[in-house]
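Asker: Those sequence lines, one after another, are chains S and Z. Every position in the first sequence, counted from 1, becomes a number in our numbering once 10 is added. Every position in the second sequence, counted from 1, becomes a number in our numbering once 866 is added.
The hints are simulated quantities; they were obtained by calculation from the structure and are not laboratory data. This one's a predicted model, so the numbers in the text were calculated from it and none came from an experiment. A virtual CB, placed ideally from N, CA and C, is assigned to each residue, including glycine. Check each hint, because a few of them may be wrong.
A partial selection of chain S residues facing chain Z, derived with a Cβ cut-off under 8 Å [said to hold, decoys possible]: (1) Asn33; (2) Pro197; (3) Met200.
From the derived model, a few chain Z residues whose C-beta atoms are all more than 10 Å from chain S [as the list claims (entries may be wrong)]: (4) Ser934; (5) Ala996; (6) Asp999; (7) Glu1019; (8) Lys1182.
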Amino acid sequence: MNIVVCVKQVPDSAAQLTVEGGNISWGEAPLVINPWDEYAVEAALQKAGDLGGNVTVISMGKADETEALKHSLAMGCNEAVLISDPALAGSDNVAAARVLAAAIAKVDDVGLVFFGKQAIDSDTGTLPAQVARVLGWPTLTLVSAIDELSADGIKVERAIEEGRQVVKSRLPAVVSVIKDYGEPRYPSFMGIRKAARATIPVWALGELGIEAPAPVVAWPEVMAPQQREIATELITGGSPAEIAATLADKIMAEKVL
Amino acid sequence: MNFGLTEEHRMAQKMVRDFSQKEVAPIIQEYDRKQEMAPFILPRMGELGILGICIPEKYGGQGMDYISLGLACEELEAVDTTLRVVMSVHTGLCSMTIWQWGTEEQKQKFLVPLARGEKVGAGAFTEPGAGSDFSNIQATAKRDGDDYILNGEKMWISLASKADFALVTVRTQKNAAKPSGGLTAFIVDLTTPGVTRGDIHGKLGVRAGSTGWINFQDARVPAANRIGEEGEGFKVTMSAFDNGRYTVAAGATGLIRAALEASTDYANERKAFGRPIGQHQLIQSKIAHMTLNYEAAQLLYLKAGWLKNQGVRNTKETSAAKWFATEKSFEAANEAIQIHGAYGFSDEYNVERYLRNARGAVIYEGSNEIQQLIQASYALGERKDKALRMEMPAYEESV
Ligand SMILES: Cc1cc2nc3c(=O)[nH]c(=O)nc-3n(C[C@H](O)[C@H](O)[C@H](O)COP(=O)(O)OP(=O)(O)OC[C@H]3O[C@@H](n4cnc5c(N)ncnc54)[C@H](O)[C@@H]3O)c2cc1C
Ligand SMILES: Cc1cc2nc3c(=O)[nH]c(=O)nc-3n(C[C@H](O)[C@H](O)[C@H](O)COP(=O)(O)OP(=O)(O)OC[C@H]3O[C@@H](n4cnc5c(N)ncnc54)[C@H](O)[C@@H]3O)c2cc1C
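Please construct the entire structure, taking both the sequences and the accompanying hints into account.
Answerer: This is the structure in structure tokens:
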């Protein structure tokens, strides 16, 4: 069985966000693979052997947004596909989920689909569940460890507010992973050489055999939150106990507690 | 003419940056204070392929080009000079010289494990009595059947106590017409009986690295380990410097960048006379110089790297890049301390470490006085590159 990983290309986490006339801009910030998705790629690469198949990485985005895909190839993914079509401009999550599900359905014999926990730009964290819903497959979100995996099924640990939850599922299934899964590997130089030379196939809606899904969410107004004046003060000197006492006094004085 | 880096270059640059920033930056100050090399550095750089970055795949390397080697060195030294020193000696002085001058058998035996990072290499040329005046080294090798017997001492050798192999140049002929004609290079297994070595303590900089001495007392080295012919040791060593100096130049460029970044961060934050110090023109002047010198140093090493890719001799360009970048890195670190005021004088900030580290590079791999002599002798027509029996190969893309 094969594995698919979905990755998004996002502005670098150091990017400054501005809103002008209802349009969001990250300026000239470099575009990178969504940091959470590196964990998804890591999980996919580690688990490919268990299912005896390939790892295909898929991203939906603008025609030149191949950075995240190339990074994934350099980490070791076998195939990469960019889903891009001018008709997808302004897609919402429901639309993105339908498109990604159609793309996943085009890949042969998929046993598992990996997602990151959330994308650091639009940050909804809902896409994994939405894609699973469209595919009609079980979703295992916030996965911190995969304890068992074979063609017969998967057993994972989920990090939820109450603690750890162990869940079993049949395959195919959709999994979103969190940082606890383990540090993603760096791309290898061999992988980099391969990725830099790779031509990434682009699937437009025609190839997926679907129409642009109509968005169901509208953004009547987009604004930046009011900037708050934040003053930072570093308490230095003295023993840790003295520093703690000074901190406690300040917190009391500010009526925070 | 194309000044852009390729996608491959940018990805390699980011990979080395991620490694050094994530894994080394958080612990480097601790090891610098302890004056020890963090034990994970060499195995990790080997495992990630950094040590063999520009060695062809068929010799166990990663098959990237010479520019990638430079970019990697820039990223490594932007965190700490000791990381780049590893590249200078393991990759530049040792591995690349075997690649250039070694026989196919020697490449299989020594280059492959070095490129894979399974073995660590050093370059041992300097002696207690001769550094710049290299053709006057005193250590000797005498032929004895299928072996040579080595005697003498090498001093100020980076990774002396950590390396498995060293490229060692010694004297095989006492009264050669030209002293440089009596030298021969060997690749020596440092576990050979008669070889002892140790670390030098109390260094001003590269404290998180290893610098030491190697002593040879009747150490028996197989003649099969001779790199080049008898009498070719001087040329072999100068070839080693063409690559070692390149890594130093690229690394020093990274140090300028680190000093610049620390300076701009601090200058935007620290206030004096009612405004961030970065608004004062004398501080701006320092930052402007650092910016210019960073750009210029980078152009110089990239040009040398480009020549290497073409297989063109680059002794002059590499020497210029080394001279400029190391001089400007020391200047940048010094000015960065000035911008930090008293805080820069404390090891709470990185800039004092940058200064101590930058100081060494003005001396090693050919002091900057020697680089000036090289530049002048080319300009005055006293020096011309002659074809070598074994040239450094041009970059060949293997797919
Ligand atoms: C205002 C707006 C405009 C948009 N315009 C476009 C457009 O012009 N063209 C277009 O293609 N899409 C567009 N989109 C869709 C967008 O690319 C996202 O795919 C979608 O909104 C996902 O939401 P999120 O970022 O909150 O993801 P989350 O649900 O937070 O992401 C969870 C995980 O889903 C996966 N994932 C998220 N996005 C993608 C993706 N794009 N491809 C593959 N995997 C993904 C990653 O694994 C990620 O970790 C737009 C979305 C918004 C909100
Ligand atoms: C941290 C560190 C790491 C090192 N690592 C290595 C290594 O891995 N392998 C190795 O072989 N060596 C290594 N060295 C040694 C280094 O290469 C030498 O120190 C250097 O070549 C200078 O030699 P020297 O110290 O003997 O100084 P000398 O040659 O004695 O020079 C003393 C001074 O005189 C100047 N001078 C000499 N000749 C002239 C001239 N003709 N005209 C003008 N000025 C001149 C020099 O520039 C210098 O300022 C290392 C040194 C340091 C500090």
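Asker: Would the hint on Pro197/S be counted as holding, given a Cβ-Cβ threshold of 8 Å to chain Z?
Answerer: The hint holds - Pro197/S has a Cβ within 8 Å of chain Z, the shortest such distance being about 5 Å.
Asker: Hey, is Glu1019/Z genuinely clear of chain S, shortest beta carbon separation above 10 Å?
Answerer: holds, 37 Å
Asker: Report holds or violated for the interface hint on Asn33/S, using the least CB-CB distance to chain Z and a cut-off of 8 Å.
Answerer: Status violated, d = 28 Å.
Asker: Under the criterion of a CB-CB separation shorter than 8 Å, is Met200/S in contact with chain Z as hinted?
Answerer: Since the shortest Cβ distance to chain Z is 6 Å, the answer is holds.
Asker: Is Lys1182/Z truly not at the interface, in the sense that its beta carbon sits beyond 10 Å from all beta carbons of chain S?
Answerer: Its Cβ never comes within 10 Å of chain S, the nearest being 30 Å, so this holds.
Asker: Looking at Ser934/Z again, its CB stays over 10 Å from all of chain S?
Answerer: At roughly 8 Å from the nearest Cβ of chain S, Ser934/Z sits no farther out than 10 Å, so the non-interface label is violated.
Asker: Would you check whether the claim that Ala996/Z is not at the interface survives, using Cβ distances to chain S and the 10 Å cut-off?
Answerer: holds, 38 Å
Asker: Over 10 Å to the closest beta carbon of chain S is the bar; see if Asp999/Z clears it.
Answerer: The assertion about Asp999/Z holds, with a minimum of 39 Å to chain S.
Checked against the numbered hints given earlier, the structure breaks hints 1 and 4 and satisfies all the rest.
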